[in-house]
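Visitor: Using the sequences and the hints given, assemble the complete structure.
The sequence shown begins at 111 in this note's numbering and counts up by one.
Just so you know, these hints were derived from the structure itself, not from any lab.
Among the clues, some could well be false.
[As the list claims (entries may be wrong)] Quick list of simulated restraints, FRET-style, between CB atoms:
hint, residue 1, residue 2, range
1, T175, K115, 28 to 36 Å
2, T229, Y140, 17 to 25 Å
3, D112, C132, 32 to 40 Å
4, G187, F217, 32 to 40 Å
Glycine residues also receive a C-beta, built at the ideal position from the N, C-alpha and C atoms.
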Amino acid sequence: ADMKKRGQGGAIVNILSINAHCGAPELAVYSATKGALATLTKNAANAHRFDRIRVNGINVGWTDTPAERVMQAETLGQGPGWLDAANAAQPFGRLFSVTDIANLAVFLLSDAAGPMTGTLVDQEQWVIGANR
Numbered sequence: 111a112d113m114k115k116r117g118q119g120g121a122i123v124n125i126l127s128i129n130a131h132c133g134a135p136e137l138a139v140y141s142a143t144k145g146a147l148a149t150l151t152k153n154a155a156n157a158h159r160f161d162r163i164r165v166n167g168i169n170v171g172w173t174d175t176p177a178e179r180v181m182q183a184e185t186l187g188q189g190p191g192w193l194d195a196a197n198a199a200q201p202f203g204r205l206f207s208v209t210d211i212a213n214l215a216v217f218l219l220s221d222a223a224g225p226m227t228g229t230l231v232d233q234e235q236w237v238i239g240a241n242r
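Guide: Okay, structure coming up:
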């Protein structure tokens, strides 16, 4: 609301998940919420396009975060070698880092993204995408 009130435009980046496109039975609720956020992103972009407020989203692939490490250890019972195994299974030899995600977000928030709005960028290594 503040961006609209100021009348100077702006940019919003929503962080979603590649699971918005697909998922697994154990991720059904998570995937559904990310799919809903994808729709919300597109609707917000449409609603604010003439306010010059760009709204885009990043469908993030598997990322090494503190929360992911906790989930792997505590929820899934993975031992300390899970990260090495996960990295080895990726086409480029590692999971995404928080910095990778931030770099794309900074671009989408910058003037370099131009008038792009309503766009969902898949930031993945085609691990899940290949199965769509």
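Visitor: Next step is simple, just say for each hint if it's right about the structure.
Guide: Consistency of the hints with the structure:
1. T175 - K115: 28 to 36 Å: holds (34 Å)
2. T229 - Y140: 17 to 25 Å: holds (22 Å)
3. D112 - C132: 32 to 40 Å: Once the Cβ atoms are compared, 36 Å apart, the range 32 to 40 Å for C132 and D112 holds.
4. G187 - F217: 32 to 40 Å: holds (37 Å)
The structure meets every hint from the earlier list without exception.
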